[in-house]
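S.K.: Using the supplied hints, reconstruct the complex from the two chains, each of which is provided in its own coordinate frame.
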Amino acid sequence: MLDYFDFSQSRQLAKRKAELQRTGYKVTYWPFVYPADFLPLLGNTVLPSNVDIDGDAPFIWCASTFSAFSTAGASLTAPNVLIRLRPETIQRELMSNQVHLISVFGTGERPHLLYVPLELPAKSVLSVEADSETATDINLRLSFIGVKMFLKKLRRAA
Amino acid sequence: MPYQDWGTVGQIKRVRNLYLARRIRIEQMLSHDVEILIGTLTNGASASPAPVQMPSDADFLWLGNLITPHPEQSVTATGPAGFATLMKIEILHDDTRQLGRHRDQAGDAAGGWIPLMNVCGRGRMPFLWPWPILLRAQGQVKFDFIHRGSSDLVDARLTLLGVKILHEAAA
Chain L
1174 MLDYFDFSQS RQLAKRKAEL QRTGYKVTYW PFVYPADFLP LLGNTVLPSN
1224 VDIDGDAPFI WCASTFSAFS TAGASLTAPN VLIRLRPETI QRELMSNQVH
1274 LISVFGTGER PHLLYVPLEL PAKSVLSVEA DSETATDINL RLSFIGVKMF
1324 LKKLRRAA
Chain U
84 MPYQDWGTVG QIKRVRNLYL ARRIRIEQML SHDVEILIGT LTNGASASPA
134 PVQMPSDADF LWLGNLITPH PEQSVTATGP AGFATLMKIE ILHDDTRQLG
184 RHRDQAGDAA GGWIPLMNVC GRGRMPFLWP WPILLRAQGQ VKFDFIHRGS
234 SDLVDARLTL LGVKILHEAA A
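Heads up: the sequence lines are chains L and U, in that order.
Under my numbering, residues 1174 to 1331 are what the first sequence spells out, in order.
Under my numbering, residues 84 to 254 are what the second sequence spells out, in order.
Bound conformation, chain U alone (with noise of 0.2 angstroms):
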């Protein structure tokens, strides 16, 4: 059984369908990434860069998640370094949407925040979403980034990887 099989091929063969029983013709469908640079986050610092843009000729079917440096690649005489970063996703696009929610034990709600390391792996062995979302071209994701560390986030670095589909109707 291969490792965290989303069944990822699956998933784009069922895309592809969608689009041909809407009578869209593919054009081409490339293997792509979107990169957000999240940047060096001090204990208790907070990022919120400018919402991420789709590209305009190509829709973008997002998959994953990968995250550098990951902990692991920075390791501290006491173990990994801290790397208790969260993030809040919101999707702009049709009507807006979280990915997440975030309540602790006494209740308190504050609003979608989900840590990092759960939802985002590395090259090697990455995150995939148990099922993909279609961004439509030029769509727009917000992310929000709040660290709690006991070291510093260096040059952090969040990847989207996914697939981007060209298509007629999009060109």
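With the rest of the complex left out, here is chain L (with noise of 0.2 angstroms):
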């Protein structure tokens, strides 16, 4: 039966893993979470970030959530912010041109889910671009939510 909208993301992380074991790999997955802080992020200025992806593991990015509040502490649900997103290593855009803030990432009770989870190398970057549409700043936290995958050999590799 074609699993026609079905984008189980732990089906396609289960996927991932089977095909590692067919080639002679242990898998542990590990949820973990990279984050993106802007703190803050000034009002009207476009401001770089990198997600450096940590040398034990390659991760597998499946969500993304946002927090965002004004510097005197009180929380934005939907700050004017235009996100752009590069993984340096594979040389390929995530998206067109900058999209908003809320098109792309979601709160704790609704992340944003990657149709597709991306694998990025270990120590690979994630560039990171907040473009603030707005006069004043804002405090904003960015979270990349997926999984480390561990990898252990068990025989040769085919």
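For the record, the hints were derived by calculation from the structure and aren't laboratory data.
Among the clues, some could well be false.
What the hints assert, rightly or not - Pairwise CB distance ranges, derived in the manner of DEER restraints:
#1 U:Ile107 x L:Glu1192: 23 to 29 angstroms
#2 U:Glu251 x L:Asn1270: 53 to 59 angstroms
#3 U:Arg106 x L:Gly1228: 32 to 38 angstroms
#4 U:Glu251 x L:Glu1306: 56 to 62 angstroms
#5 U:Asp140 x L:Ser1300: 29 to 35 angstroms
#6 U:Asp238 x L:Arg1283: 21 to 27 angstroms
Nothing here was measured: the structure is a model prediction, and the numbers come from that model.
From the three backbone atoms N, C-alpha and C, an ideal C-beta is built for every residue, glycine too.
M.R.: Right under this line is the structure:
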């Protein structure tokens, strides 16, 4: 049966795990959260930030969330911020242009899920660019949620 | 497409198969919540409750997180109340592992802080990890919190939701 619209992430993770196991690896997934914080994101300013993937394991990015606050500490549900994301290692843009923050980041209650989880190699860099479209400064914390993929070679890999 | 479809049922089935493959008979799987009382935090205050002890009679499959009060339950005249609370999670069994890392745009690494709002939902829409974490019986998890909000965080509770796996080896 064709799994149309079935973007079940754990099924995709399980499939990836099975693929690697067939080539002789033991795979352990460990949920992990990488941050990109803009403290503060100055009004009407474009700020870059890098997410440096740790050297101990590749990271499979599954979802993204944000929280934003005024500098006085009040919660902002839809700050007017544009975002651009670019994984440096694969040299491919994830979007044709900047997109609005709330189009690609959700909250803990409703995270934005990637239809296909994106595998970022160990020691790679995900570039994040935040473009504030308002005059006021805000504090913005982005979370990239996924799993670290620990690989252990069981026998000679194919 | 069900919202936030992490395929939780499939994950639980896979864990059950893991036990079967190790010839461990599962006696019962029960929905279970582990409650962590954060208490009241004023701006800038931090809390480091004692590590949370997992049940002694069962393993715990940690699926996701809930927070109460949720910021949308405490709306002020200027919008939702400040809720800029950060937490650090360390799994203390086997080798100690953190679930997050903090690095601000200046590259200042400060060790594992995650915004609570980004990884916690509430009952009607819980946050679920993309892959569950299997904590062994009597395993421990350490949580630290720091609050940076415009208003106090009052009587906060963090709930780890999951499934208790009672099996013959743990009894």
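S.K.: For this structure, which hints from the list above don't hold up?
M.R.: 5
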